[in-house]
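Colleague: The lines below spell out each chain.
There are 2 protein chains.
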Amino acid sequence: MAQKPSIPKGTRDFSPVEMSKRNYIFDTIKSVFTLHGFHQIETPAMENLSTLMGKYGDEGDKLLFKILNSGDFLSNVNDEQLAERNSTKLMRSIAEKGLRYDLTVPFARFVVQHQNEIKFPFKRFQIQPVWRADRPQRGRYREFYQCDADVIGTDSLLNEVDLLQIIDEVFCRFGINIAIKLNNRKVLSGIAETIGEPDKIVDITVAIDKIDKIGIDNVNAELLDKGISQKAVEQLQPVLTLSGSNEDKLNSLATLLANSEVGMKGIEELRFVMNKTNEIGVKATIDLDPSLARGLNYYTGTIIEVKALDVEIGSITGGGRYDNLTGVFGLDNVSGVGISFGADRIYDVLNQLDLYPEATRTTTKVLFVNFGEAEATASLKHIKKLRASGISAEIFPESSKMRKQMGYANDNGIPFVAIIGETELANGTIMLKDMNLGTQQPLTIDEVIEKLK
Amino acid sequence: MAQKPSIPKGTRDFSPVEMSKRNYIFDTIKSVFTLHGFHQIETPAMENLSTLMGKYGDEGDKLLFKILNSGDFLSNVNDEQLAERNSTKLMRSIAEKGLRYDLTVPFARFVVQHQNEIKFPFKRFQIQPVWRADRPQRGRYREFYQCDADVIGTDSLLNEVDLLQIIDEVFCRFGINIAIKLNNRKVLSGIAETIGEPDKIVDITVAIDKIDKIGIDNVNAELLDKGISQKAVEQLQPVLTLSGSNEDKLNSLATLLANSEVGMKGIEELRFVMNKTNEIGVKATIDLDPSLARGLNYYTGTIIEVKALDVEIGSITGGGRYDNLTGVFGLDNVSGVGISFGADRIYDVLNQLDLYPEATRTTTKVLFVNFGEAEATASLKHIKKLRASGISAEIFPESSKMRKQMGYANDNGIPFVAIIGETELANGTIMLKDMNLGTQQPLTIDEVIEKLK
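As they're listed, the protein sequences go chains A and B.
1 is the number of the first residue of the first sequence in the working numbering; add one for each residue after it.
1 is the number of the first residue of the second sequence in the working numbering; add one for each residue after it.
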């Protein structure tokens with residue numbers, strides 16, 4: 001029953017070389033999270049569909065992977081339901097679980113479910129895969145990792161400052177030059193209010209969010225098309241053409257939004273976050289961008305987006321503050337702020353800029369050539385000592401031709417080969433070959449340990 | 001739309017404390033795998049059902065979680081199929097993907113799919129969750145992690161020796177006393193052959209595998225019940241009552257199986273693996289156990305099982321050699337041998353024996369109390385220096401009551417609290433409180449770094 005094996009479209013296998021790079025990314029992010037006092041949690045891959053449905057809009061509901069109920073899943077379905085042939089309705093009867101779509105909704109569910117055990121403020125991070133039945137395309141996968149950090153149960157803006165420092169530190173460690181774009185949902189509300197179109201905030205922000213892509217004229221056309229008045233569009237122009245330093249922009253915004261309480265509150269928050277961050281010092285450029293929206297219906301305060309400066313790619317990290325994430329699960333008034341690193345895009349950026357450190361690839365340090373049973377036994381005793389000193393070592397499992405064994409060392413990027421032949425067996429030494437230099441020298445096991453440590 | 005949130009039965013959330021313990025387990029196993037030259041891979045959570053179905057027996061097929069096709073999954077289903085109301089048949093038309101059930105079948109698929117990129121022998125490890133629609137019960141989950149290491153593309157018994165060393169090293173690091181039970185499928189074949197019932201090998205091994213649980217009389221009754229002749233059962237008795245040292249047992253077996261070529265081959269393999277392992281030296285007890293079977297239809301040579309000596313629990317690690325794992329995917333003659341650590345059971349054993357190292361819980365090293373904006377700003381600058389020195393530090397985000405802030409440090413097990421009040425602000429010092437000792441002293445930031453490093 002030979003089959004040609006493959007994997008579902010949009011999913012990936014990761015080879016040892018790819019895993020080394022991915023682990024470097026995850027380990028770096030994880031160690032910065034930990035340095036800042038965040039604690040790791042994990043949630044199940046499967047959530048009840050009642051937890052997931054309705055949280056990502058109609059489109060999101062469609063993109064959820066649903067899991068067929070176990071056993072006779074038709075037992076609770078009546079004939080009329082079947083005759084109707086309505087997949088969407090039938091799904092509700094035959095599938096109760098789905099794969100998580102992001103880490104945010106499961107986190108909200110976690111907080112509400114465990115609210116009596118959790119001490120607030122709760123600083124958690126989570127690095128796990130998510131699944132979306134999106135149409136697969138270059139750079140878009142049906143299974144990918146998210147790396148999220150959130151602080152929940154506090155509305156202090158010091159949390160925003162901390163998250164910006166985390167972003168700065170992570171990309172410093174990666175060696176990726178970034179610009180952090182910053183905005184505040186309250187500024188967007190203030191703008192809509194000031195131009196007399198408070199109810200059209202979604203249309204306005206969706207339109208102005210595209211200004212980098214389609215230009216100011218097309219943004220204006222779209223605004224008019226959405227029924228925003230000519231006068232309002234005119235009033236909006238100063239916001240779209242803000243220039244100068246962040247301080248200049250904040251001052252201009254303060255003039256423009258002077259009559260909007262919520263707008264002024266947003267400016268105050270932005271000013272605090274920017275000033276405090278600058279005072280402590282970050283390496284990244286921080287740009288105030290009043291057109292930045294990102295998942296507007298979700299964020300209620302600070303909005304953050306990170307771009308790589310030296311590679312053309314979408315945002316590589318994003319986040320913001322939400323005031324009522326857990327409300328949908330019955331726990332109100334819990335404010336939180338979080339960021340999410342896009343591991344797959346960071347992977348691509350590090351590849352394109354060739355920024356992986358030399359030591360990323362974890363390999364065996366030394367391979368012992370296998371010349372036969374007596375030599376192998378002597379080698380295994382040496383290998384035991386090497387491993388006890390923390391040096392990864394292995395023996396080629398078969399006494400194959402020398403060329404094959406050396407080929408194995410080459411293929412696996414093993415930098416040293418140890419040879420125990422008749423001479424070495426007799427005098428208890430090891431002939432150590434440096435695969436990069438091509439040189440070799442006879443050493444005692446202690447000397448080998450010293451050299452490779 | 002408040003809902004009482006919960007998670008699917010048989011699944012678990014992991015809190016920060018639990019994650020620290022789990023990470024300790026995974027990190028320990030991973031570092032030993034790496035020390036022995038194994039390389040990590042990952043495969044997707046979802047596999048095509050054509051890859052998974054038929055690999056785990058009929059019962060296994062039922063325990064696979066199937067994923068409903070996206071979009072209008074009924075579009076390819078005709079009315080007759082629906083009218084039939086046969087869940088098993090309908091499933092094939094509406095679900096093409098399933099969640100992985102173990103790491104072995106996806107690994108076999110991986111090897112065949114990537115056979116042109118892989119250099120053999122290929123030593124891979126994989127630490128990922130698997131999913132089974134088993135009835136949840138104490139200690140049995142529907143989502144759990146497996147930690148597998150396999151060497152594929154070599155039939156050298158040195159690989160068995162290496163895997164036994166890995167097992168020994170991992171449990172040494174954990175501080176868990178273990179016994180490793182060893183057998184060889186060829187010995188089981190030899191026994192069936194010798195007692196004249198070669199076709200009944202499955203019934204024989206299933207029965208004798210239970211000897212520890214049900215006793216020799218019940219094993220004999222089951223054998224007769226399965227149609228094994230009285231004479232054969234009598235001939236089997238010496239095997240069931242083997243005693244003495246491993247060497248004694250091997251000698252007795254060699255006498256009993258003298259006329260079985262395959263049996264003698266099995267004894268030779270066992271002898272090699274045991275002698276070589278003893279020669280290099282392991283701390284664990286190794287027990288030859290000719291009744292050990294474990295997933296018989298799968299293993300073709302060495303069979304390994306690990307028991308914890310100080311806790312009543314099932315096997316905590318197992319493995320063995322298989323000669324044709326990839327044959328089902330069209331790649332023949334690839335021999336492999338592997339082991340799988342049971343992370344969940346190891347977690348329970350470490351808990352019961354209270355063996356987690358003190359440092360397992362990763363916490364913030366020092367919390368800065370927040371007395372207001374000026375103090376917070378000074379604290380943030382100190383915190384930046386601490387983090388740059390690798391010391392995890394954080395500030396309480398709000399200038400709440402002292403009691404609340406100290407409570408946060410207590411709840412999160414933070415060992416030091418730094419206080420920047422008026423005095424400290426004025427003279428640039430830090431009052432550092434040791435939460436365990438209850439003592440405090442004024443220090444400079446450099447002294448704090450020195451102390452906490």
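Read the hints as simulated data drawn from the structure, not as lab findings.
Glycine included, C-beta positions come from ideal geometry on N, C-alpha and C.
Accuracy of the hints is not assured; some may be wrong.
Stated by the list, open to error - Below, computed lysine-lysine pairings styled on DSSO-like, alpha-carbon distance capped at 30 Å: (1) A:231 - A:283; (2) B:119 - A:381; (3) A:384 - A:365; (4) B:433 - A:119; (5) A:89 - B:307; (6) A:119 - B:365; (7) A:381 - A:404; (8) B:249 - A:249; (9) B:307 - A:30; (10) A:181 - A:89; (11) A:181 - B:381; (12) A:365 - B:30; (13) A:385 - B:433; (14) B:30 - B:453; (15) B:226 - B:200; (16) A:283 - A:226.
Stated by the list, open to error - Rough simulated footprint, nothing fancy, chain B against chain A, three-plus residues with beta-carbon under 8 Å: (17) 232-241; (18) 260-267.
To be verified - For the chain B half of the interface with chain A, some residues (derived, Cβ under 8 Å), not all of them: (19) 53; (20) 55; (21) 59; (22) 351; (23) 392.
Colleague: Now tell me, hint by hint, if it's right for this structure.
Modeller: Verification of the hints:
The hinted pair formed by residue 231 of chain A and residue 283 of chain A fails the criterion: a straight-line CA distance of about 41 Å is larger than 30 Å. For the suggested pair residue 119 of chain B and residue 381 of chain A, the alpha carbons sit about 26 Å apart, so the restraint of at most 30 Å is met. For the proposed pair residue 384 of chain A and residue 365 of chain A, the alpha carbon gap of about 13 Å is at most 30 Å, so the pair holds. For the hint linking residue 433 of chain B to residue 119 of chain A, the alpha-carbon distance of about 21 Å falls within 30 Å, and the restraint holds.
Restraint check for residue 89 of chain A and residue 307 of chain B: not satisfied, since their Cα atoms lie roughly 49 Å apart, outside the 30 Å limit. Pair hint residue 119 of chain A plus residue 365 of chain B holds up; C-alpha atoms about 18 Å apart against a cutoff of 30 Å. Distance check on the hinted pair: residue 381 of chain A and residue 404 of chain A sit about 23 Å apart at the alpha-carbon level, within 30 Å; holds. The suggested pairing of residue 249 of chain B with residue 249 of chain A is violated, with an alpha-carbon distance near 85 Å, which exceeds 30 Å.
Distance check on the hinted pair: residue 307 of chain B and residue 30 of chain A sit about 34 Å apart at the alpha-carbon level, beyond 30 Å; violated. Simply put, residue 181 of chain A and residue 89 of chain A have alpha-carbon atoms about 42 Å apart, too far for the 30 Å limit, and the pair is violated. Restraint check for residue 181 of chain A and residue 381 of chain B: the C-alpha separation of about 23 Å stays at or below 30 Å, so the hint holds. With a C-alpha separation of about 16 Å, the suggested pair residue 365 of chain A and residue 30 of chain B falls inside the 30 Å cut-off, and the hint holds.
The straight-line distance between the Cα atoms of residue 385 of chain A and residue 433 of chain B is roughly 43 Å, outside the 30 Å bound, and the hint therefore fails. At roughly 26 Å between alpha-carbon atoms, residue 30 of chain B and residue 453 of chain B fall within 30 Å of each other, so this suggested pair holds. Between residue 226 of chain B and residue 200 of chain B the alpha-carbon distance is near 9 Å, which keeps this suggested pair within the 30 Å criterion. Under the criterion of a C-alpha separation no larger than 30 Å, the hint pairing residue 283 of chain A with residue 226 of chain A is inconsistent with the structure, at around 40 Å.
With 0 residues carrying a beta carbon less than 8 Å from a beta carbon of chain B, the stretch 232-241 of chain A misses the three-residue requirement, and the given coverage is violated. For the stretch 260-267 of chain A, the stated coverage by chain B is violated: 0 residues have a C-beta nearer than 8 Å to a C-beta of that chain, whereas at least 3 were required. Evaluation of the residue 53 of chain B hint against chain A yields a violated restraint, the C-beta minimum of about 10 Å exceeding 8 Å. The beta carbon of residue 55 of chain B comes no nearer than 10 Å to any beta carbon in chain A, farther than 8 Å, and the hint placing it at the interface is violated.
Contact between residue 59 of chain B and chain A, as hinted, is not supported at the beta carbon level, the nearest pair being about 12 Å apart and thus beyond 8 Å. Hint status for residue 351 of chain B: violated, given a least beta-carbon distance of 17 Å to chain A, over 8 Å. The interface hint given for residue 392 of chain B holds, since its Cβ lies 5 Å from the closest Cβ of chain A, which is under the 8 Å cut-off.
Of the numbered hints given earlier, the model fails hints 1, 5, 8, 9, 10, 13, 16, 17, 18, 19, 20, 21 and 22; all others are met.
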